[in-house]
Amino acid sequence: MPTLRWQPIATLVLSVAGLGIATYLTITHFDKVALVCSDNGAINCTKVTTSPQSVIFGIPVAMLGLAFFIPMIALCLPVSWRSADRRIHLARLVLSVTGVGMILYLITAELFIIKAICLWCSGVHVITFVLFVIIVTASPVVLAPGYGSDPDDEYDEE
Amino acid sequence: MTDKEPNPVDPDGPVSPDAPTGHTSPSLTATGGDEASPSPESRLPSNRSAQLAWGAVAVILVAVIALVTYALTDSPVTLRAVQRTTAAPEVVAQLAKVPTSVFDAVGATAPDTTLAAPTVVTGQPVLQSGGKPVVLYVGAEYCPFCAAERWPLIVALSRFGQFAGLKTMQSAPLSVFPGTQTFSFVGAAYTSRYLAFTGVELYSDAIDAQGSFARIATLTPVQALALARYGTPLTTGTYPFVDIGNRMVTSTSGFSPAVLVKQSQAAIAGGLNQADSPTTQAVVASANQLTAGMCAVTGQRPATVCTSKGVREAAASVGMG
Numbered sequence: 001m002p003t004l005r006w007q008p009i010a011t012l013v014l015s016v017a018g019l020g021i022a023t024y025l026t027i028t029h030f031d032k033v034a035l036v037c038s039d040n041g042a043i044n045c046t047k048v049t050t051s052p053q054s055v056i057f058g059i060p061v062a063m064l065g066l067a068f069f070i071p072m073i074a075l076c077l078p079v080s081w082r083s084a085d086r087r088i089h090l091a092r093l094v095l096s097v098t099g100v101g102m103i104l105y106l107i108t109a110e111l112f113i114i115k116a117i118c119l120w121c122s123g124v125h126v127i128t129f130v131l132f133v134i135i136v137t138a139s140p141v142v143l144a145p146g147y148g149s150d151p152d153d154e155y156d157e158e
Numbered sequence: 001m002t003d004k005e006p007n008p009v010d011p012d013g014p015v016s017p018d019a020p021t022g023h024t025s026p027s028l029t030a031t032g033g034d035e036a037s038p039s040p041e042s043r044l045p046s047n048r049s050a051q052l053a054w055g056a057v058a059v060i061l062v063a064v065i066a067l068v069t070y071a072l073t074d075s076p077v078t079l080r081a082v083q084r085t086t087a088a089p090e091v092v093a094q095l096a097k098v099p100t101s102v103f104d105a106v107g108a109t110a111p112d113t114t115l116a117a118p119t120v121v122t123g124q125p126v127l128q129s130g131g132k133p134v135v136l137y138v139g140a141e142y143c144p145f146c147a148a149e150r151w152p153l154i155v156a157l158s159r160f161g162q163f164a165g166l167k168t169m170q171s172a173p174l175s176v177f178p179g180t181q182t183f184s185f186v187g188a189a190y191t192s193r194y195l196a197f198t199g200v201e202l203y204s205d206a207i208d209a210q211g212s213f214a215r216i217a218t219l220t221p222v223q224a225l226a227l228a229r230y231g232t233p234l235t236t237g238t239y240p241f242v243d244i245g246n247r248m249v250t251s252t253s254g255f256s257p258a259v260l261v262k263q264s265q266a267a268i269a270g271g272l273n274q275a276d277s278p279t280t281q282a283v284v285a286s287a288n289q290l291t292a293g294m295c296a297v298t299g300q301r302p303a304t305v306c307t308s309k310g311v312r313e314a315a316a317s318v319g320m321g
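Residue numbers (the working numbering), protein chains in the order written: chain A, 1 to 158; chain B, 1 to 321.
Fair warning: there could be bad hints in the mix.
Claimed, not checked - Negatives, chain A to chain B, calculated, CB over 10 Å:
#1 Thr26
#2 Pro52
#3 Ile56
#4 Pro60
#5 Ile70
#6 Ser80
#7 Ser83
#8 Ala91
#9 Val100
#10 Val133
#11 Val136
#12 Pro140
Claimed, not checked - Derived CB-CB ranges, DEER-like:
#13 Thr85/B to Pro71/A: 49 to 55 Å
#14 Pro178/B to Ile27/A: 31 to 37 Å
#15 Val13/A to Gly165/B: 22 to 28 Å
#16 Gln124/B to Val94/A: 55 to 61 Å
#17 Val59/B to Gly20/A: 47 to 53 Å
#18 Pro178/B to Leu66/A: 39 to 45 Å
#19 Gly101/A to Gly270/B: 46 to 52 Å
#20 Val16/A to Val62/B: 25 to 31 Å
#21 Val94/A to Ala217/B: 51 to 57 Å
#22 Val62/B to Ile56/A: 23 to 29 Å
#23 Arg87/A to Ala267/B: 54 to 60 Å
Calculated from the structure, these hints are not laboratory results.
Please read these numbers as outputs of a predicted model, since none were measured by experiment.
Every residue, glycine too, gets a C-beta built ideally from N, C-alpha and C.
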């Protein structure tokens, strides 16, 4: 019997943590009082979060983070993981793949264009990657035919 | 999940001796009984699916490692020489000759710009040098927010004395608000009957062999103490920082560099006699607030400046009225 024990709670916790950081980064992006330059160095959140690359198609990347983690939280709720509706599991997988594609772009921008690293952003990148690992490796189970149709499919919380 | 059940995320994990590990077995489906619903065994992920999943993870991991490795080893450093030149005398003169009518008309109001007012400090001994109150500025030539802050600071200080040797500068091209036109205090001198001024530019806009902005100055212990005491509390080591005799401090620029972008130094300076210009309003309103702080440490001298309508309004706006 396929079971998912720790994946639902782990992805939910990670998504909530990611939402928290994305919220902080969104606030700092719009915080007009934070008109400062950080000390010269490779780790420089201000340089990253205020760079031209921090906005894509007019939307701040930090807000894209919110747009990623809010639905991800819904998709990682235990009830969503237990669902027999494959569309939910496909949506989670597609969102996760999109997220990891986005962080590849952002890491490239930080390393080669902005030439600075933001630790908060890196935290979001790590969370997104770990979410991707968990979701993509659990997807063969939850996307298997008939998953969730049997009450016994409910994950074991012990 | 028991130890004997198949591990859904690890094809090599513990597997029950009775459980199939491959694709759906017709015989198992038949013995499972229900034709409409696949048997539990038929829902097991195939080894191939699991391998694909872990393969995707491996590809992403390798991509990230490759990006970081390439950035750390082969990313070329673009050396850049300092772009500092002597400022045009007529531009410096325009900063020193902003009409009183403009100062008074603007006061502390810039309708099109969000101003970050300086903070009033009480209960501290006045920072002095040679018997005069000291205005301390700490910033960096590459820094766009420092670029914005220098405009009102120079305008305000020019009401109490004269600058010589100001340099033309622009914020770094790779930073936010690239190429914001401004000045540099490197090699500049300031003389005043009322105030002493120390302008410290910690970094130039030149990029060294390590790919960093070149360090060109260090803080004295007294300057470092002021920055540590009054600077941005959560992000020490940020600038611009201005300490007006320990009576007024600001650890951000008074307005966003967005106000200045794509404007030449001559255009910004030349517009300072137009009170209806949004750029002038931002510069002058911020300058009036800094002037109010300077008046607080000079004993409200010179009176022509410190009792002017614009400065009084600015003093009231920061809680000094």
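Here's how the hints hold up against the structure:
{"no.": "1", "hint": "Thr26", "verdict": "16 Å, holds"}
{"no.": "2", "hint": "Pro52", "verdict": "7 Å, violated"}
{"no.": "3", "hint": "Ile56", "verdict": "15 Å, holds"}
{"no.": "4", "hint": "Pro60", "verdict": "13 Å, holds"}
{"no.": "5", "hint": "Ile70", "verdict": "23 Å, holds"}
{"no.": "6", "hint": "Ser80", "verdict": "17 Å, holds"}
{"no.": "7", "hint": "Ser83", "verdict": "14 Å, holds"}
{"no.": "8", "hint": "Ala91", "verdict": "17 Å, holds"}
{"no.": "9", "hint": "Val100", "verdict": "6 Å, violated"}
{"no.": "10", "hint": "Val133", "verdict": "5 Å, violated"}
{"no.": "11", "hint": "Val136", "verdict": "5 Å, violated"}
{"no.": "12", "hint": "Pro140", "verdict": "3 Å, violated"}
{"no.": "13", "hint": "Thr85/B to Pro71/A: 49 to 55 Å", "verdict": "53 Å, holds"}
{"no.": "14", "hint": "Pro178/B to Ile27/A: 31 to 37 Å", "verdict": "24 Å, violated"}
{"no.": "15", "hint": "Val13/A to Gly165/B: 22 to 28 Å", "verdict": "58 Å, violated"}
{"no.": "16", "hint": "Gln124/B to Val94/A: 55 to 61 Å", "verdict": "58 Å, holds"}
{"no.": "17", "hint": "Val59/B to Gly20/A: 47 to 53 Å", "verdict": "29 Å, violated"}
{"no.": "18", "hint": "Pro178/B to Leu66/A: 39 to 45 Å", "verdict": "27 Å, violated"}
{"no.": "19", "hint": "Gly101/A to Gly270/B: 46 to 52 Å", "verdict": "48 Å, holds"}
{"no.": "20", "hint": "Val16/A to Val62/B: 25 to 31 Å", "verdict": "29 Å, holds"}
{"no.": "21", "hint": "Val94/A to Ala217/B: 51 to 57 Å", "verdict": "52 Å, holds"}
{"no.": "22", "hint": "Val62/B to Ile56/A: 23 to 29 Å", "verdict": "25 Å, holds"}
{"no.": "23", "hint": "Arg87/A to Ala267/B: 54 to 60 Å", "verdict": "57 Å, holds"}
When the structure is compared with the earlier hints, violations turn up for hints 2, 9, 10, 11, 12, 14, 15, 17, 18 and for no others.
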